[in-house]
Amino acid sequence: MMEKIKSFALVALVALSLVQSFLLMYSPPMLGATVRTDQDYINTEPMGSVLGVEQVIFPDEMVLHFGKNEHTVLYPGTTFYDMILKERIQGREFKSFQRSPANVLNWNEIRKNDIGVELRFDVGIPVELLQKLLKLKGDLLFLQDTIDRIWIFKTEGTEEVRTFFFSADGKTVYESLQADLTVRDVQDYVGFGQYQTRYSITSDGIYVPDKPVRAVQSLYPYSTYPPELMQRNLFFDPSTTRAVEGRNGSKIYTDGKRGLQVQQDSTWISFTDPAAPQSGADVLSDNFYAAVEFVNTHGGWDGSYRFSTLQDGLDGSVVEFQQYLESYPILSPPGFQYGEMRLLLQQGTVTEYNRSLITLADQPSDRQQRWLPGGSELQSALQSYDRRSEVSALYPAVQAVQREEGKILFVPIWAVRLKDGSQHALMDAYPAGYTPANTDGTAGDPASSGATDDSKDGKPEVSGHGLG
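Position in the sequence shown (from 1) plus 1375 gives the number in our numbering.
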């Protein structure tokens, strides 16, 4: 009897062993942590587009020099700007950099006499990030600098092409001694601007068009992402959050640590996630990468954005992105927040996140051609500006103005950027339907015929003289 029990137990053990072996071999693995930590956000719901780092880094303007002190300016998103940057410069290699003091050459004489192209950034770009835009190879010293201008030119009376990268500190330049560029390349760059409006340059380096330029006014319907969607995107466990009313009528979601404030009739949010003080210095480029990834994961990008600010502060690194409508940077009047994203980071951790919940329709419901003043009229407005000594750039933009429910009017203006990075409206466009006499374009009545639209994909082209 005892032997039978032992035999039965042995058979049972063998069977159990076979079952365990089968489960180990063919059951799906259980990978990953089984406990949620405070370092992980929940799976987010898709909202806007996902952008790569290289898609938000580009010059805010491109200056073409023709010699004989003649110049024109091309702006992002226009046909010739894209052809020069994306098709002619981005594929070339720049290497073997030599460091020199900024006054190594007489730049005013080069600007007047030598043909070439300048890529100008309104903020210094760390070389590590600039490598996402251009093919750069340099020594460690060069890689640790920030660049706010690149100048490629053919020296007068020779067949030599020189390329310089200007440090944002204003004291240093780096010449690429082995740039993959030829005289024909530079001639082609300049050739794209031959029929564009000429720009004059002020004594402090501000480019002003000699004639009025064409622009477009657009009326766009819009919708908004629900605040609850951002709540689900930004909190680890939305079920633990509670909503409270702010003093100014805003709504605040909080889980006791993080806060999401919904303002401006549910069109703007401010998210805060306090972080413990960190020891050690912030790495600007690391914070930039973290900012782009955070936006990709938590809300995405509604349209085109350009990286516009990267600076260290007492509370961390500030990273800002400016939104573009077609070829125009968007500015908003006081009291209406729209057209930018702002993040504050500490060593790769986002502690503040500010953005709009507005998403524009694919097409405007109305478009009108407008003219922006140029020549002496614009020069006079610039000179009489009460903060003239602080101006670092002049450029066409659109101002976002809320109209009736669910619509924004984008009005073309001349804007200025000050040395502190702030942007302000300088001068309005002429009234709709008015065509100034001294223009390079075809005269007509835009109020009755609609805006001229001779660009690809139905979007207007704004170059040195406006559309097309």
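If you're looking for bench data, these hints aren't it; they were derived computationally from the structure. No residue lacks a Cβ here, since even glycine has one placed at the ideal position from N, Cα and C. Don't take every hint at face value.
Listed next, with one range per pair, are the computed distances between beta-carbon atoms [what the hints assert, rightly or not]:
1) D1741 with E1429: 31 to 41 Å
2) T1672 with G1796: 35 to 45 Å
3) L1426 with L1793: 21 to 31 Å
4) L1516 with K1443: 19 to 29 Å
5) R1559 with T1599: 42 to 52 Å
6) P1709 with R1763: 16 to 26 Å
Results of checking the hints against the structure:
no.: 1; hint: D1741 with E1429: 31 to 41 Å; verdict: holds (34 Å)
no.: 2; hint: T1672 with G1796: 35 to 45 Å; verdict: violated (26 Å)
no.: 3; hint: L1426 with L1793: 21 to 31 Å; verdict: holds (27 Å)
no.: 4; hint: L1516 with K1443: 19 to 29 Å; verdict: violated (37 Å)
no.: 5; hint: R1559 with T1599: 42 to 52 Å; verdict: holds (50 Å)
no.: 6; hint: P1709 with R1763: 16 to 26 Å; verdict: holds (21 Å)
Hint compliance for this structure: hints 2, 4 are not met, and every other hint is.
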